[in-house]
Amino acid sequence: MQTRALKFTGIALTLAIGIGLFTHLAQPQYGSCEAFTKDLNGGEKIFHGAAYEIKLCGAAIKNGTKIRLQIFSSSGDLLAIRYFSYYVNSATERDLTEGADSIIYYDSAKESPMQSIAVPPSTWDWIRARLPLF
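Numbering follows this note's numbering, in which position 89 of the sequence shown is assigned residue number 1521; successive positions increment by one, without gaps.
Take the hints with a grain of salt, since some may be wrong.
[What the hints assert, rightly or not] Quick list of simulated restraints, FRET-style, between CB atoms:
#1 G1452 <-> A1541: 18 to 26 angstroms
#2 G1481 <-> T1441: 20 to 28 angstroms
#3 A1467 <-> S1507: 23 to 31 angstroms
#4 A1444 <-> G1481: 44 to 52 angstroms
#5 R1436 <-> W1558: 52 to 60 angstroms
#6 G1508 <-> S1548: 18 to 26 angstroms
Since the hints were made in silico from the structure, they are not lab data. Every value quoted in this text rests on a predicted model; they were computed, and no experiment measured them. Glycine included, each C-beta is placed from N, C-alpha and C at the ideal position.
Work out the full structure, taking the sequences as your base and the hints as a guide.
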């Protein structure tokens, strides 16, 4: 009985790692970070007296652009990563907007395009930024 549980756990773990690895390797190559950061209103932002660096990099996808949004602390530590897309003929806003405690971005690929990320990012955002498979 224990052997069966170990096999099932091993198969489930292998499957999860395989799916995560496939997803990670299927990500496009992001570039033109300085241009996207400037064009989409990234750069240094101040929240509650603390400075954060918002870096945006882009990659061409079918009929649009996929963006990688990274938030760094003033000391250069990666705090969070988010991905979003905008399309060529989309009427969705593209520039980042500062909220009271968040950064608002617009993801044309989602049903509800207005998305946000808390600043400072949550512990879960910090963990996800360090997991290479997600």
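Hints, one by one, checked against the model:
1. G1452 <-> A1541: 18 to 26 angstroms: 20 angstroms, holds
2. G1481 <-> T1441: 20 to 28 angstroms: For T1441 against G1481, whose Cβ atoms are near 47 angstroms apart, the range 20 to 28 angstroms is violated.
3. A1467 <-> S1507: 23 to 31 angstroms: Cβ of A1467 to Cβ of S1507: about 25 angstroms, so the range 23 to 31 angstroms holds.
4. A1444 <-> G1481: 44 to 52 angstroms: Holds: the Cβ-Cβ distance is about 45 angstroms, inside 44 to 52 angstroms.
5. R1436 <-> W1558: 52 to 60 angstroms: Violated - the Cβ-Cβ distance for R1436 and W1558, about 37 angstroms, lies outside 52 to 60 angstroms.
6. G1508 <-> S1548: 18 to 26 angstroms: Given about 23 angstroms between the Cβ atoms, the range holds.
Taken one by one, the earlier hints fail for this structure at numbers 2, 5, listed in ascending order.
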